[in-house]
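> Residues per chain, in single letters:
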Amino acid sequence: MTISTTVSSTISSPATSPATALQLEGICRRIGARTILEDLDLTVSPGECLALLGPSGCGKSSTLRLISGLDSPDRGRILLGQRDITALPPARRQVAMVFQSYALYPHLSVARNLSLGMEIRGVDGATIARDLNAVLELLQLGELRQRRPADLSGGQRQRVALARALLRRPQLFLLDEPMSNLDAQLREELRPQLRAILCGGGAPVVYVTHDQQEAMGIADRIAVLDAGRLQQCGTSRELYHRPATLFVAQFIGRPQINVLQEPDGSLLAVRPEHLQAVEEGGVQVRVVSREWQGASQQLQLDTPRGPLRWVCDGGRTIGDTVRIAWEPRHEHRFAAGGGRRLTP
Amino acid sequence: MGERRRSLLVGVALIGPALLVLLLVFLWLMASYLWLSFHAQNLFTDLQPVPVGMLNWRRLVLDARFWQDAAQTLRFALVSVSMELGLGLAMALLLNQRWRGRGLVRSLTLLPWALPTTVMALGWRWIFNDPSGPINGVIGGLTGSTVPFLASPSLAWLAVVLADVWKTTPFVALLLLAGLQMIPADLYEALALEGGNARQALLRITLPLLRPYLLLVLLFRLAQALGVFDLIVVLTGGGPASSTESVAGYAYLNAMRFLDFGYSATVMIGMFAVLLLLGGVLLLVLRRPARFQP
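Residue numbers (the working numbering), protein chains in the order written: chain F, 25 to 368; chain P, 10 to 303.
The hints are simulated quantities; they were obtained by calculation from the structure and are not laboratory data.
The model shown is predicted, which means the values in this text are computed figures rather than measured ones.
Incorrect hints may appear among the rest.
Claimed, not checked - Derived CB-CB ranges, DEER-like:
#1 F/Glu167 - P/Val294: 28 to 36 Å
#2 P/Ala194 - F/Asp108: 24 to 32 Å
#3 F/Gly361 - P/Ala194: 36 to 44 Å
#4 F/Arg101 - P/Gln190: 31 to 39 Å
#5 P/Gln190 - F/Ala251: 30 to 38 Å
#6 F/Glu262 - P/Ser116: 52 to 60 Å
#7 P/Leu17 - F/Ser320: 56 to 64 Å
Every residue gets a Cβ at the ideal spot worked out from N, C-alpha and C, and that includes glycine.
Just chain P, with the same shape it has in the complex (with noise of 0.2 Å):
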């Protein structure tokens, strides 16, 4: 009783100011967004905040900008990191096949994403420049004519997908390796003398036993990826005519652009919310890991 109690103090007592950060710039910082919901605080209200019910969430539910960007965020990040996991899977499974420079070209891979977002968007907003970057050096070459890749709706939100799978695809495969390092060589061994060959090895061994990593990956890059922010403003800046826009970039418009403290924090609290119930689906799901043997 005694020892389980000592016990019980102890973890609290270690766990105790991480919990306490979090409470602080988490759980308070989400408490007084939601508080805001409730609340007009704009130029109208002299920036203060006054009580009006339910006002901001009926206004979310029928603004079409918000379900457009909702939209179109769910969009990419289920582009990008579909495209992420299925690159980064295959690096994964390369860098863990032994060859020369194997190493080396580890270390490589990492170098996009250990570039800060912004410094790589400013490049990846060179490389797709109307006419001048190098992409549309080759095609005006080749056709005589230049695409408009950030300026045409339909192409602008591909570029913002290439751009994000070049940064992600490595953290993924990372994550993934260490996965793959987790199985037992001998496994692959073992189903060899069965008469299995690579692909029956991928489909009965790799994968199945990949699963926990591979949702704890769909769960991280998910969530950043609805969360998207920064690569936009710098590559697209939301347009062409919003067609780019996110809902967080909604958020921070509606909050710095609008001074309309009030609607921002009910879009953010309405985002959160659908990330929340993604997460909790995706963790149920996670519970339930394949067991090695000790």
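The following block holds chain F by itself, in its conformation from the complex (with noise of 0.2 Å):
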């Protein structure tokens, strides 16, 4: 499956003013007593795909919604290039969104979900007609263009939903966990499409998801949220390599990863991968379990300070006594209070 890029590009808009092409200031949002948002800072510069990572309820959706202009802010700016769009209806923004649901409209075919946008902008039918089969023959929805969302699979609506979004010529795409309604395998076939038509360079992208997996294959960066606050903003290297709190260090990275409390009630905190056996030294530990994944093995261990998680290559068995040790520059450390990280 190939992707023109000459397609992509007539559909494509061009980016806008060089340095930040989305900037949040400072946004704060609240329903009733409670804080969805505080005081959150993000930018997004041209052509970026930004992911907003998080677990449900950490307020990635409704920064997606402040962005829209769907819900207001109650403290804050959004900027859109150099637009201040905080006070801007949605309709008025440039901003084109695929949601969770993908919110097809029913009642209309593929072709007339697609066109209705631009009908109602004003656009004129020579070229309501030329972007449409444009946007059909790139994403290949061309044999479904007389069918309604009701008889299509998941994959084919998420395709509607994508295709509707290029046809609106944004300045910036919003996508609300665009995966989350499709099974596994068709979520990794989908990333690296989905990555080729959004990501090459056109309107930047802000993309939901509770997937590190997902984030890490689609995004430039990644801003980790919890509780409504913003953990780190940065590349899946960074956060993987140096999570600025626990709960990153702890969202980041598969099987999660072992910490360890230290007696002054600072966090010591060592990847599983970065375990290793050695001769002498070390800690010595006990296998007390055993998950074959084939390339890996991961091993729960009894040590004196505490379980550990060890993923290795092979050769042991449960009941097996191993001395194990890390390289200091593995080692992350964090605060006791808040999580933050101590080691530079």
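Got two chains here, each in a separate frame; can you build the complex from them with the hints?
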């Protein structure tokens, strides 16, 4: 399956001004007494794909709704290019959104679903026909143009929703968990496609997901949110190698990072894949359980300081004792209270 | 095979009782009326049915009062039902928005519908009373003369329409509100993000998706309005000069005042045939409802 870049470039709009494409400044959002977002600052560069990653209820979808204008922040500013769009209604923001539910118009065919937006924006008939055909070809929807959404599979619906967003020619794409209604295999298949279509240097993308694999596979940078607060924003390498908080350390990487309590109350974290067997020194441990995973195996270790997870390449069985250690550069130290990073 | 037969049997057993009741009270009744329409049963036959062939039907075709009543009934139904649909839709749209006190207003709007027709018709008869009703109280105070709402053929039917609209608009609004709440909110959000305004949302999303509900309400209300009886009996008694008389009222008159049961049955069956035809056409249109995503 190849994506024609020429067709793609006729559909996606040129990037906005240099420097930053989207900027959130001190965004706060409350519903009643509940704080949804607390003092959120974020920037997205032109052509960049930023993933908002976090557990459900962390505020990532709320952030998307604020950027789209479907909700209004209680405090803070949203800048799209040079424009302050904080008070602008959704219709005038030039932002396209792919909804988690896809939100396709159930009474209209695929073709009408796609052309409706252009019609109400007053695009002329010839342009509508041309863009419609281009996007139908790009997303391989030509055969389905007369079908109703109810007669499409999940993956096809997602493509229609994506096509509709492309036809908006937005300054910014917003995607709200666009893969969550698809099965795992389809998700992996579609990831590179989605990246090729959206993150090809046109308008920037803000992509909401709770799946770290998806975020790492699609985004240039990832913003991790927890309980309405931005934990860290950086590339997946940065998040993996230098997590800014204990939450990020535990959220990124599978199996989950090992956390040990230090005598001074601070926390020491080491990834299961960074433990090594050593001849002498280190800690004496005993293997208590084993999960064979093909290329590697995941062991549960019993140590004087508590249980540890270890990913290694085989040769150990339950009951074995072994000495393990890790290189100092793989140690992460976090403060006791908020879990802030202590090691440089 | 056995599976399918068993589910068929269960189905028949489940709808059986309801079907039986329908057959008894409806089909049997209609069949006996149809039979009666080919008989004379009146004071001249000592109230015994005497076969007369097509005589009643020939009389119906030539009966100017029947056709006048049919036209009046149709006019009443078309005007009141279209007003009810328009106002009911507006009310439903309003009640579907979020505002303070919406729950209270939702309950209050249902009050006219909950009132028995005869009670509310009596109320309207007093409101329209000439000269002592409240409307004429205002008009009289302003102009010095009063308006004979219920005694003027050109105004009386409008008074009937007004009372009917007042009573049934809440019912229409309630059904349409149920339809509105079936429309997912994210469709409106998607349209707004595509640059759509409120008017476009109404025309492109709300009305097309509400269509099955609009047709359903139309069917309900037209059937009800074409059979209008109690409201008119209490409000105007069919007058003045039978200018507000409905077909159902005429059938009642023939049976209960002129004791001409054969002809009354003919009027009823004639009206039923028209209703059946109308319902059939509407149901044909109804059969293609807009489909929602699962």
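> For every hint, state whether the structure bears it out.
For each hint, the structure was consulted:
1. F/Glu167 - P/Val294: 28 to 36 Å: 31 Å, holds
2. P/Ala194 - F/Asp108: 24 to 32 Å: This hint holds: roughly 27 Å between Cβ atoms.
3. F/Gly361 - P/Ala194: 36 to 44 Å: Given about 40 Å between the Cβ atoms, the range holds.
4. F/Arg101 - P/Gln190: 31 to 39 Å: For F/Arg101 and P/Gln190 the Cβ distance comes to about 35 Å; the hint holds.
5. P/Gln190 - F/Ala251: 30 to 38 Å: 32 Å, holds
6. F/Glu262 - P/Ser116: 52 to 60 Å: 57 Å, holds
7. P/Leu17 - F/Ser320: 56 to 64 Å: 58 Å, holds
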